[in-house]
Each structure stands twice: as structure tokens, then as C-alpha cells.
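One-letter residues, chain by chain:
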Amino acid sequence: MELLPTIPSRTETLRAWKAQGGGVAAVLPIHYPRALLRAFGLLPVEVWGPPRVDPAPGAAHLQPYVCSIVGNALSFLLSGGLDGTDVIVVPHACDSLQGLGSLLLDFVRPRQPVFPFYLPRGRRESDLQFLTEEFRALYGKLAAATGRAPSEAELMESIRREEEADGLLTELHRRRRALPLTDIAFYRLVRAREYLPAEAFSALARAVLDAPPTDPRAGVPILLSGIVPEPMALLDAVAEMGGVVVADDLACCGRRLYPSGASPDPFRRMAERILNGPPDPTRGSPIAERLRHLVGMARETGARGVVFYDVKFCEPELFDLPLLRRGLQEAGLPSVHIEVDLNDPLSGQTLTRIEAFLEMVLTLPPPPSAAGEG
Amino acid sequence: MNPIAALRYGWNVNVLGPAVLRLQRWQAQRRPARWDTRYLAPPLRIAPRTKELVARHWLAGRYASGYRKVAWVTSGAPVELLKALDFYVLYPENHAAICGTARLAVDIASEAEGAGYSRDLCSYARTDIGAVLSGKTPVGRLPKPDVLFACTNICQTVLFWYRVLAEYFGAPLVLIDTPFVYTEEAAEHAVRYVRRQLEEAVPVLERIAGKRLDERKLRRVGLLSKRASELWLEILQRCRHRPAPLSVFDQFIQMAPIVEMRGDPETVDFYAALLKEVDERIAAGIGAVKNERKRVLWDNLPIWYRLRYLAEFLAERGVAVVASTYTNAWGELAPLIDPDDLWESMARTYIYPILNRGTGHKLRTMRQMVEEYGLDGAILHSDRSCKPYSIGQMDQRDRLIRELGVPALLLEADHNDFRVFAEEQAATRLAAFVEMLG
Numbered sequence: 006m007e008l009l010p011t012i013p014s015r016t017e018t019l020r021a022w023k024a025q026g027g028g029v030a031a032v033l034p035i036h037y038p039r040a041l042l043r044a045f046g047l048l049p050v051e052v053w054g055p056p057r058v059d060p061a062p063g064a065a066h067l068q069p070y071v072c073s074i075v076g077n078a079l080s081f082l083l084s085g086g087l088d089g090t091d092v093i094v095v096p097h098a099c100d101s102l103q104g105l106g107s108l109l110l111d112f113v114r115p116r117q118p119v120f121p122f123y124l125p126r127g128r129r130e131s132d133l134q135f136l137t138e139e140f141r142a143l144y145g146k147l148a149a150a151t152g153r154a155p156s157e158a159e160l161m162e163s164i165r166r167e168e169e170a171d172g173l174l175t176e177l178h179r180r181r182r183a184l185p186l187t188d189i190a191f192y193r194l195v196r197a198r199e200y201l202p203a204e205a206f207s208a209l210a211r212a213v214l215d216a217p218p219t220d221p222r223a224g225v226p227i228l229l230s231g232i233v234p235e236p237m238a239l240l241d242a243v244a245e246m247g248g249v250v251v252a253d254d255l256a257c258c259g260r261r262l263y264p265s266g267a268s269p270d271p272f273r274r275m276a277e278r279i280l281n282g283p284p285d286p287t288r289g290s291p292i293a294e295r296l297r298h299l300v301g302m303a304r305e306t307g308a309r310g311v312v313f314y315d316v317k318f319c320e321p322e323l324f325d326l327p328l329l330r331r332g333l334q335e336a337g338l339p340s341v342h343i344e345v346d347l348n349d350p351l352s353g354q355t356l357t358r359i360e361a362f363l364e365m366v367l368t369l370p371p372p373p374s375a376a377g378e379g
Numbered sequence: 432m433n434p435i436a437a438l439r440y441g442w443n444v445n446v447l448g449p450a451v452l453r454l455q456r457w458q459a460q461r462r463p464a465r466w467d468t469r470y471l472a473p474p475l476r477i478a479p480r481t482k483e484l485v486a487r488h489w490l491a492g493r494y495a496s497g498y499r500k501v502a503w504v505t506s507g508a509p510v511e512l513l514k515a516l517d518f519y520v521l522y523p524e525n526h527a528a529i530c531g532t533a534r535l536a537v538d539i540a541s542e543a544e545g546a547g548y549s550r551d552l553c554s555y556a557r558t559d560i561g562a563v564l565s566g567k568t569p570v571g572r573l574p575k576p577d578v579l580f581a582c583t584n585i586c587q588t589v590l591f592w593y594r595v596l597a598e599y600f601g602a603p604l605v606l607i608d609t610p611f612v613y614t615e616e617a618a619e620h621a622v623r624y625v626r627r628q629l630e631e632a633v634p635v636l637e638r639i640a641g642k643r644l645d646e647r648k649l650r651r652v653g654l655l656s657k658r659a660s661e662l663w664l665e666i667l668q669r670c671r672h673r674p675a676p677l678s679v680f681d682q683f684i685q686m687a688p689i690v691e692m693r694g695d696p697e698t699v700d701f702y703a704a705l706l707k708e709v710d711e712r713i714a715a716g717i718g719a720v721k722n723e724r725k726r727v728l729w730d731n732l733p734i735w736y737r738l739r740y741l742a743e744f745l746a747e748r749g750v751a752v753v754a755s756t757y758t759n760a761w762g763e764l765a766p767l768i769d770p771d772d773l774w775e776s777m778a779r780t781y782i783y784p785i786l787n788r789g790t791g792h793k794l795r796t797m798r799q800m801v802e803e804y805g806l807d808g809a810i811l812h813s814d815r816s817c818k819p820y821s822i823g824q825m826d827q828r829d830r831l832i833r834e835l836g837v838p839a840l841l842l843e844a845d846h847n848d849f850r851v852f853a854e855e856q857a858a859t860r861l862a863a864f865v866e867m868l869g
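In the order they appear, the protein sequences are chains A and B. Residue numbers 6 to 379, in the numbering used here, belong to the letters of the first sequence in order. Residue numbers 432 to 869, in the numbering used here, belong to the letters of the second sequence in order.
Excised from the complex, chain A in its bound form (with noise of 0.2 Å):
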């Protein structure tokens, strides 16, 4: 059933990249213009985390309540994890991210130039305004520390790669039923986009997009719902459980389908892109927005109930998600809450929840128009 072609891994992809003279951005979650990292020559390589790091580096600087994406970050940073990179970006997601980019600047001080940016947190003009104005700003500070310049020309040709790489993203989770992958061989390959260059990322997409297609894959269709889908052996546990993931809205993932842009101006472009992305809590988008977001996607895609699978001491999710779990109720969408610890392995007690809620899944109608099930 699987054609999943092969993979670069992160460690292969970076060597090749500095093997060509490139210099290396370590990306923090969640949203920021790959384009422009791409157009001064850096490749963008997320540090979601990672999971299973010794978290005793962070733990001297951050509290223990703090969530486990920042501290692991942290820690690896500090422990060398990223050694190999040239420069640090922060996106400004939340609190907490916010705290680690500050802490890079003031006290921690890595070798690298560290670049936190501010994500507006509404979709007004004046947010869009600001913005393209941040992503100006961020220009200038690349500029002044790789000593490029690209021109205009050379940033709509970088829009253009990730817009066209996106596209295939996008495309890739519309047919991710019909595709010949197992979740979590889907899951390696979109999470490729994280640290691929967009034209080999483009590349792979296509291949597998190109196979032909197969039957839809039988299970208990689910969406999951959270910040990143770890340890990714829950995708191989959700199967042999009897569970299938057809659709997300994970913050690696699904909430980073983002539309082209429209501006002739790069840098408004790259502004558009963003803010016009799936909604996400960290961009302020309103929780009855979310909920037709959710319930849009399970019917489209047949769902029969949503995983919340979240990192601890996530505010953005924690806060919805009484709101979002009541209006999936009400709309047929039965769903389950899981909170982890990015160093925590799978636990037996996590398993056993989501087997509980396949199986009570079946037990219910399915949702109103569903487009089918398994």
C-alpha cells in the first residue's frame, strides 16, 4: 500500500544545503515567511521541541510550567542541537515563545543572531499593514547579518517556489485518504516541509500525488486537533486501533495550508499568505470560527469525532477548548482531550483513551452529512 518515496532526513538535508555554501534559519513555531529566510539563502528548519531531549538545559532558565516545545528548544539549543544553524528565528505564537526569544536576546545569548518578529493577531488591514512593515524590518535585520540583499524579482521567485510548494501541500491533505501512505508515512512526508527546501519538498509531492489512487483507506475516519502530532507513533497506535486520521487541524500541519498571496508587493504578499491561513488561536482567530473550521472539515472529509491532542500547558489550545468540544457536540462530533509531555514516551494510559473513543465512536450515528466512513 505504501509508495512513500525516500525522505531526506533533517541531518542529510542540512549537509547538503551547507554543502552548497547555504546558511541554515532554526525556526521556531509556528507561523513566519519561509520566502524571505529562502531568499537570503537560508534554509528555514523548524525546531518543533523536538521530543526527547534532556530537558535538564532549559529547566535552569524556564520554569517547570512552561510547555514542553519552549523548554525542549531550549535544551537544545544548549546541548548543540543547533550548532549547524546560522541564524535563530522566533515567532512571536505566545507567551511562552515570546519568553524564549527574549531570553535569547537578553540572557542566553546563543552565537547565532537571534530574530524574534510579531505575528498581529487579527486579520484588519491595519494588522496586514503591520505586517508587511514587520516583514520589512525582519529584511533589513537578515540583510545586515548575511550581507544579501536580495532584490524584489529574487523575492517573488522565492513567494513563488513556497506558493507552489503549499499548493502541494494543500493538495496532499484534500487527497490524504486516496493517497498510497499510511498515516504516519503521510505525516513524515508533510512534516518534511518543516526543514526541505520548497522545490524538493515540491518534488516529492508530486510523486506521490501522481501515484495512482487507491482505495480509501478503511477505519474509524478522525481529525486531529492540537500543536504536533508527537511521539508520531500515535499515528501507527491511532491505526492498529482501528483508527484513520483524515483530516487535521495540528499547528505543524493543517493551520499552515496557506492560501497564495494576491499583492504585487513581496513583502504584503508574504503578510497576505499568513494572516489568510487556516484559522489558528495564536493569530487570534474567534473559537466560533475554529468550530466551523472543525466541523467544515469532518464533514468534508466524513469524520466521526476530533482528537485533541495537545502539549501541556498550552494556553491557545487550553482555552478553547471547552467551547470547541461543546459545538462538536452539538453538531454530532463526539472528541476526546489528551494532553502530553513532549518527553513523555506514548503512554499505555493515552492509548487506552483513544481506543475508548474509536470504539465509543462507532457506537454513535454517524454526524449529520457526513461524507462517509470507513
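Hints should not be assumed to be uniformly reliable.
To be verified - Per the computed footprint, the stretches of chain A lying under chain B, defined by three or more beta-carbons under 8 Å from a beta-carbon of chain B, are: (1) 100-106; (2) 262-273; (3) 310-323.
Keep in mind the hints are simulated off the structure, nothing from the lab. We put the CB at the ideal spot given by N, CA and C, even for glycine.
Since the structure of chain A is already known, use the hints to place chain B on it.
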């Protein structure tokens, strides 16, 4: 305006309420001090007036619906716009703090937790959402908001929290988003962004208020806001005196008007009176702590449910907590408010609160306070409910110890949720800290 609501408001807020509150003040003035006066100065004479002023504010809120438009506001929001449009302004954070001080916060927050709000969320937010869901409140009744007005200059939490309130009330949410200032100066495009949002908020607020914004009135409110903030800063700076006439525990209680009644003439009068009393204390040699041996800094929000405990524990050992980055935040920006250039100065004022600035800036503020107030140590309240204030404290503590030679203690707690406060452990750590002070 509903005429019955107007009558109800007039009778309760302007006639009956003030009479009852005056009586309560009279009684309070005759009540013996509740805090231990063996170690602490007698209560401030103004304390019953503070209580009356705050109670009157909440009384007005109780009867506001149908008579005045109501705005629920974050504590760092540019309230001048709302005041100039005659909104009744309610601060959920202050309400939560009142619940915390009355030790009702956990009971009320449990209502939110029962509805699915995690205990890992800010305890102010849980208290407030719990009050909305259950109607439980020590202030009588909370009026429903006609508008929610959130400014991100204190945290992103307020935005998540107000998005929840927007769903419960179906009220419009007006956002003033203030980009975080990582370096010493805010970028000019960030200031322009804040200014644009302030200007864009006006037609929305005017529509809800049903009236046009009068620029002259806005200027008057701006002046009052500036004057009250200046007076508050002067009061705090009097604590450079030895012995300090106020402790931060006094400041935490006396700061309510500067937070929730900024822009009102009564607030200016109140702080002028407080300043006078503070000066009288200095002239009479009265210190907030009777035997002031050591002077320390408090960082972060108060631990509302243990104010008295902490005040007495430290005072008994001759330790006066005389300065706080938190209370200072409500005065330090006073010089930035320029009533003659209000829009621009509001944009700058509201982008620069200490919580919207970097961890290094806070350390510089702490260092400056250590020098100016002659401090011997620092207590950094590591507040589980306030990540933006707390992240950075571990490095700040280390720098204070290493670079200034000042003992500094990280005290784990939560501003409203006493379930995470381990009193015995806190007492042990505080006692060890006091020993280090010498």
C-alpha cells in the same frame, strides 16, 4: 436608556448606596486593626475610603445594565477612550483579585474547571469565567458587557480569555494589539500600528456608546489619567525613605483605583489624599514595618490570598518589602502621557508596560529599584498563572545575586489559586532568605 434602569441606578448608586457605604466606612474607621500591629504600622487612615471608593465602583457596575454601556477591559488597556465615551468600565482581572483576596477564587474558578477549563490556565481567567458561568461574585452582580476591550500589552492570555467571553456574551471584541518590545525601543511601525488600531476602535466604540467621541473630553480624561499615575508614582517613590511609609502589601491594596478608575477625578483626589498621609507618616517617622531592618523588592503579581500572612511573616523578622515592579508599572509610564498629543502618546504609553518588554528590561528595572530604594534583597514570585511575568525570573534572580550581590528568592506560587501554594515550604524558603539578608 431604559428609564427604570436609570431610576434604579440613580437610587442605588447615587442615594442609597453611598449612604450605606459611608456608614460602613464609619464603622471601619472604628474597627481595630486586623493585621498584627506589633510588627506593622497601624492601618492607613485612608484604608476605609479606599474600600468605599472601590465598593462604589462595583456598585455602579451592579446597576449599570440598561443605564450605561458597559465595557469589560484588560488592566493595561487604553481606558481613556472608553471613559471619554461614558462607558462603565469593568476589569475582570480586578474582580478576580477581589475574589482572590476574599479567598473565594478557588470556589469560583472550580465552576470554570467543571466546564472544562484546565487548571493550567491563568487563575484570573478561570475565576472570571467561573463567575460568568455561575453568577458567583463577592461584588453583588457583574453587568453584561456591551463591548469587550482587550489589549495584549500585558499578555496574550487576555486575548484567549476575551475570545471566550465574546462567545459567552455574544459581545463584540475590540482588540488593541501591542507588539512585544524585545529591545529598548519599540519599532516605529509598531507604534504606528497601535495608533492605527486606537483610531480604528473609535467608530466601533462610538456606535456601541451611541455618541460621538468628544476630543476635549478625551483630553480631560487623559489629563486625569496622567495626574493620577503621577501621584501614584510619587507615592511609591516616597518608599525610598527609611523607614518606608508603605509596604508593597499596602501598595497592592491601594492600587485598585489606579487600575480600575484611571481617568476619573475621584482617583486624583484619592491619591492626593494618600500622598498627604504618606508624607505625614514620613514626617512622624512611621514605617510600614515597625522595626525595618532590611528592605526588599517584590517582583510579579501579589499572592492575593496570602497578603496578610506574607506581610506579617516578613515584618516580624524586620523585613520591609518596599518596592515592586508590579505596582511601579502603574506609575512609571505617567511621563509618557501627553494630553496635547494624546493619540501618539497613548500609542507609546500602551506599548511600553513592563510586561510588554523584554526580560532584560525587567532586570534593568529591578537593578534600578535596588539602587534607588536601597534594597537588600529581592523576592521573585514565580507565578504559575503569569508566564510573561515569570519567564526570565530564573536568570534575573541569578544576575541579581551574581552582579549586585543581592540575595534573591524565587517563591513558587500563584496569584489567585491557593491550591498551588505550599505554605510550609514557602515559610521555610522565606526564613532561609531572611537569614541570608543578615
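Structure-based check of each hint:
no.: 1; hint: 100-106; in the structure: holds (count 6)
no.: 2; hint: 262-273; in the structure: violated (count 0)
no.: 3; hint: 310-323; in the structure: holds (count 5)
Checked against the numbered hints given earlier, the structure breaks only hint 2 and satisfies all the rest.
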